[in-house]
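Peer 1: Turn these sequences into a full structure, and let the hints steer you where they fit.
2 protein chains.
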Amino acid sequence: MEELLAYIHSLMAFPEKSWQALQPALAEVEFAKGDDLLKAGKVCNALFFIVRGYCRAFYNEDGQEVNTSFFFEGEIATNISSFGDGRPSLFSIQACEPVTAIRFNKVGLREAARENADIETLGRKCLQLIAGKQEKFGAIFQRLNPEGRYDWLQEHYPEILQRVPQTQLASFLGVARETVSRIRGRRS
Amino acid sequence: MEELLAYIHSLMAFPEKSWQALQPALAEVEFAKGDDLLKAGKVCNALFFIVRGYCRAFYNEDGQEVNTSFFFEGEIATNISSFGDGRPSLFSIQACEPVTAIRFNKVGLREAARENADIETLGRKCLQLIAGKQEKFGAIFQRLNPEGRYDWLQEHYPEILQRVPQTQLASFLGVARETVSRIRGRRS
DNA sequence: CACATGTTGTGACGATCGTCACAAAACAGG
DNA sequence: CCTGTTTTGTGACGATCGTCACAACATGTG
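Protein chains in written order, with my numbering: chain D, 6 to 193; chain G, 6 to 193.
No wet-lab data here; the hints were simulated from the structure.
Yeah, the Cβ is synthetic: ideal placement off N, Cα and C, and Gly gets one too.
No incorrect hints appear here.
Partial list, computed: chain G residues near chain D (C-beta under 7 Å): (1) 71; (2) 137; (3) 142; (4) 143.
Sample of chain D residues lacking proximity to chain G, with all beta carbon distances greater than 12 Å (derived): (5) 11; (6) 21; (7) 161; (8) 186.
Each pair of labels, with its calculated beta carbon distance range: (9) D:6 <-> G:167: 50 to 60 Å; (10) D:181 <-> G:67: 24 to 34 Å; (11) D:20 <-> G:44: 34 to 44 Å; (12) G:190 <-> D:126: 51 to 61 Å; (13) G:150 <-> D:186: 12 to 22 Å; (14) G:193 <-> D:50: 41 to 51 Å.
Peer 2: In structure tokens:
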């Protein structure tokens with residue numbers, strides 16, 4: 006819980022009173038490696054603040070999995086659009102290691118936000134953060150070739166390169182597995 | 006204004022009372038071709054609902070312009086991250102034709118949202134819409150090669166292909182100008 | 001109409017990447 | 001420790017794309 010509080014404080018001033026008001030919406034949860042935090046086809050009714058371990062978001066493109074993002078400690082894993090309008094999620098989120106997370110229940114969050122303006126603001130901040138991250142990644146894919154993308158990750162998210170197995174990294178970079186292997190060969 | 010009202014109604018129920026409360030934040034504005042709706046380096050303190058004409062968002066990558074998106078009639082043009090946290094925008098938004106738009110003033114909007122929950126909700130819906138659009142485009146660039154991207158645009162946003170000059174389209178697709186020319190050659 | 005400017009088409013060529021095939025290495029379960 | 005399974009490395013080859021160079025076409029301005 007301290008991790009979450011620190012995260013929130015990094016975003017905004019958040020008095021003890023608001024923190025208390027938030028509690029009913031929260032629950033600490035554990036996932037084994039391979040467990041789904043969110044299943045494609047289901048509606049996303051929670052946010053997950055990752056405390057330990059990491060997850061991947063992926064969907065099925067004619068029989069094979071495409072990774073769309075990774076969530077590490079101190080990040081929020083969710084499907085914004087499904088969470089937002091209650092439509093089924095197009096992708097799954099899965100624990101890649103044993104994961105400890107704090108679950109934000111949607112209903113509880115909505116109730117808490119109605120009573121407390123800080124919580125409403127917090128929600129908006131998170132949304133902005135997620136949108137901003139998406140914007141950044143979009144730009145990278147738009148203007149960089151596979152090698153450039155790898156370098157950019159190296160620079161900005163070295164954790165992904167170190168913790169994610171190569172095959173999954175390749176699908177995230179939108180690149181053949183072999184290409185990642187060759188880029189790594191050149192680097193070392 | 007009717008266009009904007011229709012747009013809002015397509016997103017949510019929005020009673021006349023809320024519409025009235027929103028008015029002080031709105032203003033109809035005109036831009037000549039080439040005018041900036043937002044200048045890179047400045048803080049974005051408005052949303053623009055495009056009524057007529059279209060705009061492009063672009064930034065400078067070592068001396069040459071890269072288009073990051075286009076905004077047509079019935080869409081909202083803005084820089085979410087700059088609008089959200091008041092930091093200077095990394096990109097400009099420019100009218101590609103004579104543009105008529107409705108300007109949402111940030112201060113006015115904030116005041117109106119404080120008084121009226123519908124307006125707060127509207128803000129969140131717009132944010133979600135923009136994040137969702139970004140998510141979609143990100144996925145396309147991640148897994149499609151230039152030709153696939155072109156086809157996808159053809160299918161989902163044919164307007165872009167028809168109204169945007171080829172050179173700017175190329176920079177948007179993250180592709181050499183000549184490649185777009187050849188793809189078009191193959192298509193016809 | 002003439003000219004300057006900007007946009008688009010096209011050909012040649014090399015670099016990068018995807019695909020296929022198979023070998024090597026790492027890993028997990030008994 | 002052995003064995004089957006998954007992950008990673010590597011080579012060959014073809015397709016696509018980027019770059020450069022230049023021609024054709026369109027646009028707009030006097």
